[in-house]
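Enquirer: Each chain, letter by letter, is given below.
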Amino acid sequence: MENDERQIAVETRQLTKRFGKFTAVDNLDLKINRGEIYGLLGPNGSGKTTTIKILCGLMKATSGEAIILGGKAGGSSIVSRTGYMPQETALYLDLTVHENIELFGEIYGMARTAISKAEKELLKFIELEKWRNSTVANLSGGMRHRVSLICSLLHNPDLLLLDEPTVGVDPELRASFWDYFNALRARGITIIITTHYMDEAHHCSKIGLLREGSLIAEGTPEDVTTLAGTKSLEDAFLVLAGRGTGRGIC
Amino acid sequence: MFIFGVAFSGNVEDVKVIVVNSDEGVYDPRSNGTLNLSEMITSNLDRDTLNIQCGSDEEAATKSVEDGKAWAAIIFPQHFTQDVMMKMQGGPSPGNAAITIRADKGNVNIATAVINSVAEAMMETMDEIGKETPISIVDSPVYGENAEFIDFFVPGIVAFAIFLLTTLLTLLSFVGERTNGTLDRLLASPIQGSEIVAGYALAFSIIGMIQAAILLSVGTLVFKIIIVGNPVLAFLVIALLAIVSVSLGILLSSAAKREAQAVQFLPLIVLPTFLLAGIFWPIQAIPAFIRPALVYNTADLRC
Chain P
1 MENDERQIAV
11 ETRQLTKRFG
21 KFTAVDNLDL
31 KINRGEIYGL
41 LGPNGSGKTT
51 TIKILCGLMK
61 ATSGEAIILG
71 GKAGGSSIVS
81 RTGYMPQETA
91 LYLDLTVHEN
101 IELFGEIYGM
111 ARTAISKAEK
121 ELLKFIELEK
131 WRNSTVANLS
141 GGMRHRVSLI
151 CSLLHNPDLL
161 LLDEPTVGVD
171 PELRASFWDY
181 FNALRARGIT
191 IIITTHYMDE
201 AHHCSKIGLL
211 REGSLIAEGT
221 PEDVTTLAGT
231 KSLEDAFLVL
241 AGRGTGRGIC
Chain W
1 MFIFGVAFSG
11 NVEDVKVIVV
21 NSDEGVYDPR
31 SNGTLNLSEM
41 ITSNLDRDTL
51 NIQCGSDEEA
61 ATKSVEDGKA
71 WAAIIFPQHF
81 TQDVMMKMQG
91 GPSPGNAAIT
101 IRADKGNVNI
111 ATAVINSVAE
121 AMMETMDEIG
131 KETPISIVDS
141 PVYGENAEFI
151 DFFVPGIVAF
161 AIFLLTTLLT
171 LLSFVGERTN
181 GTLDRLLASP
191 IQGSEIVAGY
201 ALAFSIIGMI
211 QAAILLSVGT
221 LVFKIIIVGN
231 PVLAFLVIAL
241 LAIVSVSLGI
251 LLSSAAKREA
261 QAVQFLPLIV
271 LPTFLLAGIF
281 WPIQAIPAFI
291 RPALVYNTAD
301 LRC
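Protein chains in written order, with this note's numbering: chain P, 1 to 250; chain W, 1 to 303.
Extracted from the complex, chain P is given alone in its bound form (with noise of 0.2 Å):
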């Protein structure tokens, strides 16, 4: 049990999230174990963000529970250990790339000494030390994202939760995120992931597909394909999406 603890990140069971009559997420139960990068697919209105902002704490669950690195989701001790990277940039466009770092740093406690040296650090990582005093407004959509990671980033978490990080972000960006987060995978950060782009799901160490707030497959890539016997993720998709309530886990 004690072993079960430890190795796993984020614990879901019976999670389930009502807004009136509509169900957005339907008895969700997860299992995802530290160092994975675990992806939740599923097409737009399935429930993945809803799942992530109940992970970060931002919603309350109408029912089930959610355990985050061994404590209930959104208490203060487990947001410090969190990172969250909204869908929308979530910068405040009028202060330079330092000065969003340095107060988003603040916010998580850092001392001055410490936000400088993890923001040299992530800004090598993230390849953007030449824009450290750029105004975020003068950037492009694809670098405010990734000033957006390093904001995540800042206070060294050791759970990521992002939500479509990747939308609106050209292939060539999407394939350095991807980079990144395994990078950060192989630093023991453990990556929960939102996308509706099935074929991001490959670089997934684990899957989970939603459709309508219920998790109708999850496994690696491979296992799904296999499960539903198709050759793509998209087909897979369709073809267990088409099963109605039958549910595989592999």
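Just so you know, the hints here were simulated from the structure itself, not pulled from any lab data. Please read these numbers as outputs of a predicted model, since none were measured by experiment. Mixed in with the good hints there might be a few duds.
Under the rule of at most 20 Å between Cα atoms (straight-line distance), these lysine to any residue pairs were calculated in the SDA-like manner [as the list claims (entries may be wrong)]:
#  : chain 1 : residue 1 : chain 2 : residue 2
1  : P       : Lys206    : P       : Thr49
2  : W       : Lys257    : P       : Gly20
3  : P       : Lys124    : P       : Arg174
4  : W       : Lys131    : W       : Pro141
5  : P       : Lys120    : P       : Met143
6  : W       : Lys69     : W       : Glu59
7  : P       : Lys120    : P       : Thr49
8  : P       : Lys60     : W       : Leu183
9  : P       : Lys60     : W       : Lys69
10 : W       : Lys257    : P       : Gln87
11 : P       : Lys124    : P       : Arg187
12 : P       : Lys60     : W       : Lys131
13 : P       : Lys60     : W       : Ala121
14 : W       : Lys257    : P       : Thr49
Computed list of chain P residues with no C-beta within reach of chain W, every gap over 12 Å [claimed, not checked]:
#  : residue
15 : Gly20
16 : Lys53
17 : Gly70
18 : Ile107
19 : Ser176
Yeah, the Cβ is synthetic: ideal placement off N, Cα and C, and Gly gets one too.
Please build the complex by placing chain W on the supplied structure of chain P, with the hints as guidance.
Expert: Just chain W, lined up with the frame of chain P:
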């Protein structure tokens, strides 16, 4: 349209005045009783326009006007009737056959309504006794001597500018935090929601107070508006309005998901406030049933 009609269609009414009547009257051989012109004039005052209270002391009545508890003190001297009668008979008048009105002219419209009411009551009384009398009205304002319409108008505009700018700035900034995702990022961090609101309130209140100081300086230095009381108190009144406006902006932002929704609050909240705050038209001219819900800050500033 309804609010516009409500704001601009009424007459000034329910203006609290204190009548200090020291007049002893004179013996009237025709009625074999006492003739008291001051009582007749008082009874002829328009009770719709004026909310009349009786006072016994001129100083206390003047103090009430100074403290904003009444709009005017109407003072009849001790030998008022006697002096009037002597003047009517062409005799010497050692006293003064005059009614003194000590009004708060911070609101010119209301002060004018009080003076007009007294003049009308005086004329009516003269008609009743069938004589023309030499009564005069001494206009001796407590506040706002030589006040003009701009002295009435500019404080209202200052208050409204602070209200509009601060509410709108806070509302749009908070909604902007929501639409560009920074609010989610902040809420997913270790800081509490209450800390975010407190930070916003503090920052925008400071901005509001700077605006207040600038507007008040422009009002007094450029437009020469009369400030009889303490300018620091006038500043504090506007600063308080700025803090309240920030809070209103934050409250409204919770009901708006996008900037386009936020802008819709302008006609719903800001415009009625603008019309019903007594900026153009005295609050006393707005129907009594709405008055408890009105914004009195403008009136506080006119002193």
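Enquirer: If a hint holds in the structure, say so; if it doesn't, say that too.
Expert: Hints and how they fare:
no. : hint                : result
1   : P:Lys206 - P:Thr49  : holds (18 Å)
2   : W:Lys257 - P:Gly20  : holds (18 Å)
3   : P:Lys124 - P:Arg174 : holds (18 Å)
4   : W:Lys131 - W:Pro141 : violated (29 Å)
5   : P:Lys120 - P:Met143 : holds (16 Å)
6   : W:Lys69 - W:Glu59   : holds (14 Å)
7   : P:Lys120 - P:Thr49  : violated (31 Å)
8   : P:Lys60 - W:Leu183  : holds (16 Å)
9   : P:Lys60 - W:Lys69   : violated (52 Å)
10  : W:Lys257 - P:Gln87  : holds (16 Å)
11  : P:Lys124 - P:Arg187 : holds (16 Å)
12  : P:Lys60 - W:Lys131  : violated (83 Å)
13  : P:Lys60 - W:Ala121  : violated (69 Å)
14  : W:Lys257 - P:Thr49  : holds (17 Å)
15  : Gly20               : holds (16 Å)
16  : Lys53               : violated (8 Å)
17  : Gly70               : holds (17 Å)
18  : Ile107              : violated (5 Å)
19  : Ser176              : holds (21 Å)
Hints 4, 7, 9, 12, 13, 16, 18, counting from the list given before, are not met by this structure.
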